[in-house]
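Put together the whole structure using the sequences plus the hints.
Going by numbering that gives the first Met the number 0, the first residue of the sequence shown is number 0, and it counts up by one from there.
By construction, these hints were calculated from the structure, which means they are not laboratory data. Incorrect hints may have been included.
Straight-line C-alpha distance at most 20 angstroms; calculated SDA-like pairs for lysine to any residue [unchecked claim]:
1) 37 - 60
2) 37 - 9
3) 37 - 48
4) 64 - 52
5) 37 - 74
6) 64 - 98
7) 64 - 40
8) 64 - 0
9) 103 - 16
10) 38 - 103
11) 37 - 14
12) 103 - 84
13) 12 - 60
14) 103 - 70
15) 37 - 142
16) 37 - 106
17) 37 - 0
18) 38 - 69
19) 64 - 13
The following label-pair restraints were derived from C-beta to C-beta distances [said to hold, decoys possible]:
20) 40 - 10: 13 to 23 angstroms
21) 126 - 64: 16 to 26 angstroms
22) 167 - 64: 29 to 39 angstroms
No residue lacks a Cβ here, since even glycine has one placed at the ideal position from N, Cα and C.
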Amino acid sequence: MMLVLGLGNPGAKYEHTRHNVGFLALESCAAFFQLRLKKRCFRPYRYATLDRRARLVQPLTYMNKSAQVLTWVHGDPMVVLCDQMDLEPGMIRIRRGGSSAGQKGLASLIERRGDGDFIRIYIGIGRPQGTDGVIDHVLGTIAESAIYEGVAQASEALVRLIDGASFEEVARVYNRRAGAQRPR
Numbered sequence: 000m001m002l003v004l005g006l007g008n009p010g011a012k013y014e015h016t017r018h019n020v021g022f023l024a025l026e027s028c029a030a031f032f033q034l035r036l037k038k039r040c041f042r043p044y045r046y047a048t049l050d051r052r053a054r055l056v057q058p059l060t061y062m063n064k065s066a067q068v069l070t071w072v073h074g075d076p077m078v079v080l081c082d083q084m085d086l087e088p089g090m091i092r093i094r095r096g097g098s099s100a101g102q103k104g105l106a107s108l109i110e111r112r113g114d115g116d117f118i119r120i121y122i123g124i125g126r127p128q129g130t131d132g133v134i135d136h137v138l139g140t141i142a143e144s145a146i147y148e149g150v151a152q153a154s155e156a157l158v159r160l161i162d163g164a165s166f167e168e169v170a171r172v173y174n175r176r177a178g179a180q181r182p183r
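As structure tokens, then:
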């Protein structure tokens, strides 16, 4: 069964921040399949299970402790939805393997697993502008409508993966330049 982790920070304070785009994309995918994320007692995550195809999970730890959820949930392949400052707002990239590229949630998962051999769906949030620092930027409220477009595309890409499309096919369709025609 596929394991899908949507990364973010728990709590209302972080609800619509750039760092929580992984949560937003996972929630959108769950809604597409008419699933409701629920929390088990004494477990630091919310989840929904889609048949025997996928388990959608939101770790309820802070970003840098995302891997703690792997104590309770398992699956193969593993797909991670997360923010990426090196992508323009609204762009997404789908990759398999690699480093954390400075993303603390990915670093946590790679350290816990001992490898980076999993699928990532990166959602572009852009770099800080002006005098904003990185922390203020990622923890800032989403102001760019393009980021929500990226969340929608990441959710659509995830739906295709869950529905059986190959990684290569989904990556080819969604790894494109900003402004390109959105797949239907």
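A quick look at each hint next to the structure:
1. A distance of roughly 15 angstroms separates the Cα atoms of residue 37 and residue 60; the hinted pair therefore holds under the 20 angstroms criterion.
2. With a C-alpha separation of about 14 angstroms, the suggested pairing of residue 37 with residue 9 holds against the 20 angstroms cut-off.
3. Of the pairs offered as hints, the one joining residue 37 and residue 48 holds, with about 10 angstroms between alpha carbons and a cut-off of 20 angstroms not exceeded.
4. A distance of roughly 26 angstroms separates the Cα atoms of residue 64 and residue 52; the hinted pair therefore is violated under the 20 angstroms criterion.
5. Restraint check: the Cα-Cα separation between residue 37 and residue 74 comes to about 18 angstroms, which is no more than 20 angstroms; the hinted pair holds.
6. Between residue 64 and residue 98 the CA atoms are separated by roughly 17 angstroms; this keeps the pair inside 20 angstroms, and the hint holds.
7. Proposed proximity of residue 64 and residue 40 is supported: the alpha carbons are some 19 angstroms apart, at most 20 angstroms.
8. For the suggested pair residue 64 and residue 0, the alpha carbons sit about 23 angstroms apart, so the restraint of at most 20 angstroms is broken.
9. Our distance criterion of 20 angstroms between C-alpha atoms is met by residue 103 and residue 16, whose separation comes to about 16 angstroms.
10. As the CA atoms of residue 38 and residue 103 are separated by approximately 24 angstroms, the hinted pair breaks the 20 angstroms bound.
11. Proposed proximity of residue 37 and residue 14 is supported: the alpha carbons are some 17 angstroms apart, at most 20 angstroms.
12. Between the alpha carbons of residue 103 and residue 84 the distance comes to roughly 12 angstroms, so the proposed pair stays at or under 20 angstroms and holds.
13. At roughly 14 angstroms between alpha-carbon atoms, residue 12 and residue 60 fall within 20 angstroms of each other, so this suggested pair holds.
14. Between residue 103 and residue 70, the direct Cα distance comes to roughly 18 angstroms. Compliance with the 20 angstroms bound is thereby established for this hinted pair.
15. For the hint pairing residue 37 with residue 142, the CA-to-CA distance comes to about 28 angstroms; that exceeds 20 angstroms, so the pair is violated.
16. Restraint check: the Cα-Cα separation between residue 37 and residue 106 comes to about 26 angstroms, which exceeds 20 angstroms; the hinted pair is violated.
17. Among the hinted pairs, residue 37 with residue 0 is consistent with the structure: their alpha-carbon atoms are about 18 angstroms apart, no more than 20 angstroms.
18. For a cut-off of 20 angstroms, the pair hint linking residue 38 to residue 69 stands: about 15 angstroms separates their Cα positions.
19. As the CA atoms of residue 64 and residue 13 are separated by approximately 15 angstroms, the hinted pair is consistent with the 20 angstroms bound.
20. In this structure the supplied range 13 to 23 angstroms holds for residue 40 paired with residue 10, their Cβ-Cβ distance being about 19 angstroms.
21. About 25 angstroms separates the C-beta atoms of residue 126 and residue 64, a value consistent with the hinted range of 16 to 26 angstroms.
22. Distance hint check for residue 167 and residue 64: the Cβ-Cβ separation is about 32 angstroms, which falls inside the suggested range of 29 to 39 angstroms.
Taken one by one, the earlier hints fail for this structure at numbers 4, 8, 10, 15, 16, listed in ascending order.
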